[in-house]
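**Student:** Chain residues, written in single-letter form:
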Amino acid sequence: MAPQVELRDIVKTFGSVIALNGVTMSVGAGEVMCLLGDNGAGKSTLIKTLSGVHKPTSGEMFIEGRAVTLNSPRDAQRHGIATVHQHLAIEPLMSVTRNFFLGREPIKGWGPFQRFDFDFGNRTAISEMGKMGIDIRDPNQAVGTMSGGERQCVAISRAVYFGAKILILDEPTAALGVKQAGVVLRYIAQARSQGLSVIFITHNVHHAYPVGDKFTILKRGRSYGTFAKTEVSREEVLGMMAGTEELDQLESELEEFARSDEEAATEAVSNYQASAVAEHALADELHKERGRLKGDSQEEG
Amino acid sequence: MATQSQRQDERLQQISLWKLLLGRPEFGAIAGAVLVFLFFTIVAGNKGFLNSIGIRTWLEVSAQLGILGIGATMLMIGGEFDLSVGSMIAASGMLFLLPIVQYGWPVWIAFIIAIGFAILMGYINGSLVNRTGLPSFIVTLAFLFILRGGTLGFTREITNSTQVSVRSFIGQIEGVTTGSQAREVIQNAFPGQLFSFELFGLPASIFWWIAIALLASWILLRTRFGNWVFAIGGNPEAARNAGVPVNRVRIILFMGTAVCATILAMLQIFDLGSADVSRGNLKEFEAIIVAVIGGTLLTGGYGSAIGAVFGALIFGMTSQGIFIARWNTDWFRVFLGGLLLIAVIFNNFIRKRATEAK
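Line by line, the protein sequences give chains A and B. Take 1 as the starting number for the first sequence in the numbering used here and just add one per residue. Take 302 as the starting number for the second sequence in the numbering used here and just add one per residue.
If you are wondering where the hints come from, they were derived from the structure by calculation, not from laboratory data. Just so you know, not all the hints are guaranteed correct.
[Stated by the list, open to error] Stretches of chain B that chain A covers, calculated by requiring three or more beta carbons in the stretch to come under 8 Å of a beta carbon on chain A:
| hint | region |
| --- | --- |
| 1 | 485-491 |
| 2 | 535-541 |
[To be verified] Sample of chain A residues facing chain B (criterion: CB under 8 Å; computed from the structure):
| hint | residue |
| --- | --- |
| 3 | A89 |
| 4 | I90 |
| 5 | E91 |
| 6 | P92 |
| 7 | M94 |
| 8 | R98 |
| 9 | G103 |
| 10 | R104 |
| 11 | E105 |
| 12 | R115 |
| 13 | F116 |
Since we're looking at a predicted model, the values are computed, not measured. Where a beta carbon is used, it is the ideal one built from N, C-alpha and C, also for glycine.
Throw the hints in and build the complete structure from the sequences for me.
**Tutor:** And the structure:
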């Protein structure tokens with residue numbers, strides 16, 4: 001079966017700047033691909049190419065095996081590609097229902113008496129969010145009063161409800177705490193179990209590793225390679241992201257610091273360990289959740 | 302509301318009526334209007350604040366400002382300002398009456414020209430804001446001067462005066478010998494009746510005010526377009542990403558404020574029988590004050606047309622109340638400024654409540 005979305009040799013240049021230099025990757029249905037890379041690696045350009053904002057300078061794009069050209073974000077939406085941006089998705093002062101249906105409002109009535117169908121809207125918003133494990137207290141509640149993770153989930157569940165087949169999530173966990181990130185990561189796992197393709201962009205290996213099926217690492221506009229989860233460990237992914245040499249150099253520099261201020265370093269290490277423990281707990285929880293979901297879908301199958 | 306009663310979530314605590322009201326944008330304005338009404342009832346109730354002439358007076362002042370304020374409120378919810386509405390009152394009024402008086406054009410043609418000009422100006426304001434990305438504050442400030450100056454220039458060029466009055470009909474049209482007869486000439490020509498009728502002893506402006514308020518509330522609270530207005534004011538990028546035609550909505554809102562200004566100009570002309578180049582002076586700021594007192598956020602994305610109705614009532618009752626109580630009206634603006642400050646501080650508090658996690 002053809003992958004849900006496939007890119008071959010995508011090149012994008014802006015004048016003399018080569019933002020993407022031959023990126024090839026593919027994501028299948030029901031698969032989460034994590035796109036990792038440092039700042040300036042070309043992640044943003046790649047997302048914008050995928051979501052129809054930029055047209056690639058050269059290279060091909062396939063959706064469900066068919067070659068496509070995306071001329072606008074609307075074009076991308078028509079092909080089932082939905083992009084959820086970190087900040088640019090939600091109206092904090094508007095209610096959950098108004099946000100959920102923004103731009104695609106359900107209408108009832110006729111002619112000049114056409115109006116927003118709030119009964120349908122409220123019911124749908126509650127049930128769609130419920131499906132993804134978020135229980136809305138009140139659909140008239142302003143989204144700004146919800147937690148950061150829940151806000152991201154409104155944007156994601158909206159995309160899923162309106163028929164997205166390929167979800168592009170641009171750093172959805174970047175500004176979130178451990179627990180809030182967990183809400184979003186759980187949701188990503190849910191979306192995958194519904195057969196969606198997810199492209200998950202993040203800086204954070206600890207967020208990527210638990211939900212990812214494969215990892216594509218971008219570096220200086222090139223794809224450093226795609227690795228299945230079975231092939232690599234969390235540490236290896238981290239190493240590839242930052243570049244092992246750079247990390248080694250960083251480590252020796254840190255040792256230098258450590259000699260000059262051993263106490264501070266000790267404290268830093270213990271802080272790091274504490275946060276690592278929390279991240280591991282999250283990963284375990286997600287692992288269990290996945291097991292449970294798999295069990296569920298097998299039962300259904 | 303129906304879903305709320307059907308589905309009782311245990312985390313939805315029974316909130317007190319007070320807290321429920323505090324969560325509504327128009328609450329402050331309604332409470333304020335009640336207080337102002339009670340205040341002048343006590344201090345000026347026996348001086349004519351409550352008799353039929355008194356009520357008619359402050360209702361009419363409120364209505365005229367309310368019409369302008371509702372347009373400004375919708376635009377402000379959409380995240381923009383229109384400082385050109387005051388000049389627009391003079392410009393469209395002159396554009397309407399001058400051809401009638403000077404060249405004898407039919408009233409309905411002059412009316413279409415005035416409304417058409419308002420729509421065009423709204424389009425120009427909106428497009429300039431869209432294309433340049435400049436704050437609407439600056440763009441419409443430019444038109445505040447351009448329209449005012451243009452109206453003065455053209456009027457003086459053509460009539461050698463700064464005022465055009467139906468009194469010019471006296472002696473020119475047969476049977477017209479008094480000012481009120483001259484006024485009846487335009488009042489009886491379509492669409493003059495729409496702006497000069499009286500019902501239950503109340504002038505037309507009050508009914509226009511109510512109708513525009515109901516229409517604006519319906520649009521904001523119940524329609525798809527209303528959803529878009531809130532969205533482009535709150536976070537225009539998010540609205541664009543969700544497929545809202547941001548530029549088009551913005552242009553329509555600018556057209557709305559200009560048309561509201563033109564309706565106000567018509568009401569004044571049919572009432573007074575004249576157009577003046579200085580009419581509508583400072584009205585752009587009064588419209589914004591009405592919107593802000595009505596609970597609309599200066600930053601957009603939140604507000605209510607009903608709030609603007611009560612904001613205008615506060616304004617009208619105070620300005621006329623001070624006059625009826627025979628106090629020194631010089632102090633009215635001090636009160637107005639103070640009221641504005643209190644309203645903004647209160648709104649800021651409401652916004653924080655609305656956006657912070659509970």
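**Student:** Work down the list of hints and note, for each, if the structure agrees.
**Tutor:** Quick rundown of the hints versus the structure:
no. : hint    : result
1   : 485-491 : violated (count 0)
2   : 535-541 : holds (count 5)
3   : A89     : holds, 6 Å
4   : I90     : holds, 6 Å
5   : E91     : holds, 4 Å
6   : P92     : holds, 5 Å
7   : M94     : holds, 5 Å
8   : R98     : holds, 6 Å
9   : G103    : holds, 4 Å
10  : R104    : holds, 7 Å
11  : E105    : holds, 4 Å
12  : R115    : holds, 4 Å
13  : F116    : holds, 6 Å
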